[in-house]
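Now for the letters of each chain:
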Amino acid sequence: MTGPHRGMTRPRLLLLALVGSLLVTLGACAPPAPQVSSAAAKAQVASPSAEAPYDIRPLLRPDRKYLGVAFNGSPRTTAPVTAFTEKAGKRPDLREYYAKWGDPFQADVNRAVWDDGQLPFLVWEPFSHTAAQIADGEQDTYIREFADAVRDYNRPLALSFGHEMNGGWYPWGSKKTSAADFARAWRHIHDLFTDEGAADVIWVWSPNVINPVPDVRLKPYYPGDAYVDWIGVVGYYALSGPTTFDTLFGPTLKEIRRFSRKPFLIAETGVQAGERKPAQIADLFAGVRARADMLGLVWFNLKKEADWRIDSGPLSLAAFKKAAADDSFGVDVRKP
Amino acid sequence: MEHNDSTMQISVAHLKKRSRVAETMQLRVLKQAPSGYTLSPVPDSGWSAAPSSRRIWVSRLVLLALLVIQAGLSLRLQNTAFEDEALYLFAGHAEIDHLLHGTPLYGAFDSYFSGAPVLYPVLAAAVDSVFGLAGARALSLACMLGCTSLLYAMTRRLFNERAGLCAAGVFAVAQSTAFMGNFATYDALALFLLGLAAWIVVRTADSHPLLTLLAAPVAALAVAVKYASALYLPTVVLLGVLTVYQRRGLPRALGRGVLLTVATVALLGAGLYASGYLAAIQSTTTARAAGTTPSWTIVKDSARWGGLAVAVALVGAFSYVRSGRMSEMPGWRGALPGARWRAALGLVLVGTALLAPAYQLHLHTEVSLHKHIGYGLFFAAPLAGVGVTRLMGAHFKYPQWAIFLGVVLLSSGMSQAYDNFHAWPDSRSLVATLRPYMSAHGTYLADTYEVPVYALGKDTSYRQWNSTYTIDYTNRSGQHLTGAAGFKAAVADRHFTLIVLDRGNPTGESTTVREALLHSTGYRLIGTVPYATAWGTSRFELWAPS
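Going line by line, the protein sequences match chains U and D. Counting with the UniProt record's numbering, you get residues 1 to 336 for the letters of the first sequence. Counting with the UniProt record's numbering, you get residues 1 to 546 for the letters of the second sequence.
Hints were generated in silico from the structure; no laboratory data involved. Any given hint could turn out to be false.
Part of the chain D face toward chain U, derived, beta carbon under 8 Å [unchecked claim]: (1) T521; (2) L525; (3) R539; (4) E541; (5) L542.
Cβ atoms here follow ideal geometry from the backbone N, Cα and C, with glycine treated the same way.
Using the sequences and the hints, build the whole thing.
The following block contains the structure:
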């Protein structure tokens, strides 16, 4: 054969080396780094059929008032709600429960609560870590995992971190935690939730009524309106102490209104068993009903230190049924 | 080999008795046998190098197979509209409404588009009106298939069919070809027009100079479709000069080059004067804002996306300079172009492949580099075709080279095209999420707002949307604000009905807007829409007044 092609000549060897080096280059070139990558983001699977994000805004200021309730134990079972509904004559629309810091968020439990017609209201109790530790980022992994689970749950959740922070009886309270650290921790948690895309949280800042702690100012504990949706005041009609809505809650609400216009929720309340209980139940509901900036109440239906349950006596139960029957109470949380 | 015509006549009847003939292949003059039959004259070779209809049809069938493969490689890429596609399509619809119904235009598209808004966008939007995004992308596929066909035709004329087919093969499987073939932007049409202009100058090298002038309007149109196409006009002119020079000498070659240049520049000048697009050309092309991409990244990605094909073209160029002979016919003695001409052709074609990477290195930006690589590849591909044929050797002596290169080019092209086509998120979830928030009076702000504007169609208007790049805002106290201050004021005033931020791809003042939202009491995060791209996962954030 004639022509320029004569087997493995020097140019061909050169060529071989050239192509070989190119292949090495091709193999060595890793794809560009991801634009954004986080463990949480990877957990989210993009799919056209994925659920649309739940817009909780209609729940923030519904036309009617919430009738919430707190029971003993996990909210996993619906039996207490059914029993309460039979006694109270009205189905609760908000269910408060307590979770310790370090517990995982249980999406299935909260989904069951939501599917049963109640807005889950989680009270997060930081027993194991201080507000300063949380604010300084020591618990970020846990918070992010918790937030991811809340985001993927994709249903409304009311969340209160470190309730009754102005009292001295909890580790996160005024005796062991500075107000600045508490507010800082709150903002840090909120920022991490936002960063993880957990948008369906109603942030409930929950001080105790100021009556037992008149020297503790609330404003330093307040993280700011950008970090709070509801102000959930905790206060009980006990045998001793204030006996009316105005005297029990009035001073606290007045002080809060000096630094925030956010709506109120009576985040935890009850009336201790006694002769005044039926009248005080009526007073409580009337007080909530009277204020346009009051979103509702959460009844602490437990026998703990005292009997706060609605059926502690027949007159109390009748008073509760009558008060709860008012049309202004009861929110259809799925069609607010 | 010693022979003459008379040796071609062999008495078959006597072959067995003359074993020496078989041993030595020496044929002798034999007497005409009284009985038996006579063979017709036998040519030097069992095949002919002359053009034949069989060769044409075999080549065309192979080309057709390549085009089918190319179409398959493009159509396998599936994703929702990229922001540029969405922008050109909704702008095209706006332009059509303006042209047909006099609807005022608000986008100032002519001030920042990198091609004339009244050309490709209008054409693509017209197709989109009937066939949707798939139709607009099919238009690009047709253009890219046309490019491959023109490339084959041009290479066949410059070299031969085999080089043409190899060039078409190298081009057809490249990531840029697959990508642009399913991507509704200017690129495919502009490259097709450039390819057509190049083919015209090569095809008409032997013809009357006025026929070469046919390339001028085509080349000018390519530049009008996409301004950056002008980068390749010198290549088209030089290609014309070289092909004419080979056949008609230097003076005529130069004359034709000048003629083509003058005609093209005159057409472009007239177009520029009539349209007033100079500012847009400056902002998007000639004086494009410099980026911050490291040079090494641009070099590395250029090598990944087009390096092997250009290397093969280099091999082809070197080999072609060493030997210009393309025929495998034994004893072929045709006229060959000179070594300097061959070197010049190699320099022009392979050098063109480096133009886009070099320009983007200068600008320190990788924007659209994966597409622009394809422009240069079109011009380098003929020599890549030569390279493959030379590596294979005559009569396919080393087919493993073609197989090896084919496998590497195909697999890398497929995976790179897939990655590049999935560099942006599938927007279906986002669009479905946004749809309920659309209202006639809404005002929206978004990263890559073009995608929802296009995808939401008649549910919204582009006039209701603001990008995160620029804002012209007058706050409640009458203060006129732009830039970051304008965005902050708009957030403070709760000006927008909905804000959509892309955490994975924040654009313009997106970070400023998000920072303002985080500390705002007027807005809240109302949801996120996760997405995955080839490079990772992220999510869109939806913010609305609280």
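Evaluation of the provided hints:
1. Against a cut-off of 8 Å between C-beta atoms, the interface hint on T521/D holds, since the closest Cβ of chain U lies about 4 Å away.
2. With a cut of 8 Å, the hint placing L525/D at the interface with chain U holds, because the nearest CB-to-CB distance is about 4 Å.
3. Against a cut-off of 8 Å between C-beta atoms, the interface hint on R539/D holds, since the closest Cβ of chain U lies about 5 Å away.
4. For E541/D, the shortest C-beta to C-beta distance to chain U is roughly 7 Å, which falls under 8 Å, so the interface hint holds.
5. Interface restraint check for L542/D: the shortest CB-CB distance to chain U comes to about 7 Å, inside 8 Å, so the restraint holds.
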